[in-house]
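Trainee: Read off the chains here:
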Amino acid sequence: MTRIVTMTVNGQEHELPSPANRTLLDVLRSEGGLTGTKKGCDVGDCGACTIIMDGKPVNACLVLAVEAEGADILTIEGLQHAPDRPHLLQEKFMEHGGAQCGFCTPGIVMMAKALLDETPAPSEDEIRFALAGNICRCTGYTKIIEAVQSAAEELNKARAQ
Amino acid sequence: MRRFDYYQPKSLEEASALMADLGSEASIIAGGTDLLVEIKEELRKPRHVVDIKKIPGLRDYSYDAETGLRFGALVTARDLEIWAPVIEHYPNLRTAVAALGSIQVRNRATVVGNVCRASPSADTIPPLIADGASLSVYNRGDERQIPIEDLFTGPGRTVLVPGDIVTGISVPPSRPQSGRAYIKHGRRKAMELATVGVAVSLERDGDTCTEIRIALGAVAPTPIRARNAEALLRGRAIDPAAFTAIADAAMAESTPISNVRASAAYRRDMVGVLTRRAIGQAMGGV
Ligand SMILES: Cc1cc2nc3c(=O)[nH]c(=O)nc-3n(C[C@@H](O)[C@@H](O)[C@H](O)COP(=O)(O)OP(=O)(O)OC[C@H]3O[C@@H](n4cnc5c(N)ncnc54)[C@H](O)[C@@H]3O)c2cc1C
Ligand code: FES
Ligand code: FES
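Protein sequences appear in the order of chains A and B. Numbering follows our numbering, in which position 89 of the first sequence is assigned residue number 1095; successive positions increment by one, without gaps. Numbering follows our numbering, in which position 130 of the second sequence is assigned residue number 685; successive positions increment by one, without gaps.
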């Protein structure tokens, strides 16, 4: 039973064929060609598949594609302003060495975006709490937290002006 | 993932009739954070998956000082975690929802799903039992209430029958001079299932404890009440000297198993420590 699921992905309407038993993660990656969203564990433990669905960060591996009918979805590919103009968070991850192998990075950047949308000036504890569902095997997290803090500072400076 | 057929009923009547027709090979999906993991890991093999998210009215939540807290089957752990009345009046439930998985999981996971999955370690169940909460259940035109305490028959098993759709949960209001606590014990702060969970809700009149309910998670085939422990405090003066006997009674009532997360002996010891600590926290809230 394959359905055509209509959803808005990164501001554009997409019609993606989805059998009932396929996850949104698999459909975004395979049918949608959006391979920036990663599959680590496929069971909600690692956060590599984090996307923002109707304004909220979720694990795309725990959503069926058919459940996303009509949804508004933001993936890592939709974050940059243009191919050569990365999002502030992406710049800060590069600057602070917040990515090493990079596999966790798209999920962490999406989660950090969701955090800053809700809490523009998070404390270190709030950043750690928000990123609890994102596992990184390389960085030891310190540089990730610095990158998020530095993005928050810059955003707030820009807002104050 | 194994193949299944997917249905999106638009009303309770339709969902309930469908579930009754499809019988034991059908599963309800709400947030899917348990069901999809169980399908992927082949712990469950439903041929039909019935999505209840298109049914109107199940996303509401409200709080009233007279009637208490009421939330629908589609209300997520995250909805309650960030909602002021829960933070203010139900610190025990707040602790439970804020410690359930990650924010990503909590944005999908419903509290009703957490209860219906009937895991002995589910975080929201002990505080809901200690608070005397009940489920509203719909089945083909009939509605009934089930105290959450009476829902469980074994790990993953409940008294619910095909056609039953849980529509929501009601939690009685907090009285003056009442206090509530939930302590989740695990090996790390986040992304961890409870090794032991202890919830205490109590009411007092001056120095006397007029009512107390203690609920324990992850130390028996289902979440349980520690009734013998409660009886040592109910109707009596609150005397810290009695806490050791109360903790011992709670330990004696638990029947934990050993698994990868902890040994049975350790779990039983922690029931004692945490029961005492949770009573102290709940009294602090009075
Ligand atoms: C990475 C991860 C971490 C987690 N950590 C924790 C944790 O720390 N603590 C914890 O307690 N849980 C944890 N969980 C499990 C938790 O997410 C689930 O128990 C969740 O709350 C279930 O709700 P759901 O809406 O996702 O249910 P679903 O998966 O959709 O359903 C769960 C079960 O309930 C039934 N059901 C759902 N709604 C109804 C209804 N209205 N009427 C009748 N039956 C219904 C379904 O048929 C199914 O059997 C975790 C899960 C993941 C993936
Ligand atoms: S792939 Fe989804 S959480 Fe790991
Ligand atoms: S950078 Fe390698 S997993 Fe995080």
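Don't take each hint at face value.
Stated by the list, open to error - List of simulated lysine-lysine pairs, DSSO-like, C-alpha gap at most 27 Å:
(1) K1045/A to K608/B
(2) K1045/A to K565/B
(3) K1149/A to K1163/A
(4) K595/B to K1149/A
(5) K608/B to K595/B
(6) K609/B to K595/B
(7) K608/B to K565/B
(8) K1045/A to K1163/A
(9) K595/B to K1062/A
(10) K609/B to K565/B
(11) K1062/A to K1149/A
(12) K1045/A to K595/B
(13) K744/B to K1062/A
(14) K1149/A to K744/B
(15) K1149/A to K1045/A
(16) K1062/A to K1045/A
(17) K1045/A to K744/B
(18) K1149/A to K565/B
(19) K608/B to K1062/A
(20) K600/B to K565/B
Treat the hints as calculated values from the structure; they're not laboratory data. Given the structure is predicted, the values throughout are model-derived calculations rather than measurements.
Trainee: Hints first: check each against the structure and report whether it holds.
Mentor: Hint by hint, here is what the structure shows:
| no. | hint | verdict |
| --- | --- | --- |
| 1 | K1045/A to K608/B | 25 Å, holds |
| 2 | K1045/A to K565/B | 32 Å, violated |
| 3 | K1149/A to K1163/A | 21 Å, holds |
| 4 | K595/B to K1149/A | 34 Å, violated |
| 5 | K608/B to K595/B | 21 Å, holds |
| 6 | K609/B to K595/B | 24 Å, holds |
| 7 | K608/B to K565/B | 8 Å, holds |
| 8 | K1045/A to K1163/A | 35 Å, violated |
| 9 | K595/B to K1062/A | 24 Å, holds |
| 10 | K609/B to K565/B | 5 Å, holds |
| 11 | K1062/A to K1149/A | 25 Å, holds |
| 12 | K1045/A to K595/B | 14 Å, holds |
| 13 | K744/B to K1062/A | 23 Å, holds |
| 14 | K1149/A to K744/B | 20 Å, holds |
| 15 | K1149/A to K1045/A | 23 Å, holds |
| 16 | K1062/A to K1045/A | 19 Å, holds |
| 17 | K1045/A to K744/B | 24 Å, holds |
| 18 | K1149/A to K565/B | 47 Å, violated |
| 19 | K608/B to K1062/A | 16 Å, holds |
| 20 | K600/B to K565/B | 24 Å, holds |
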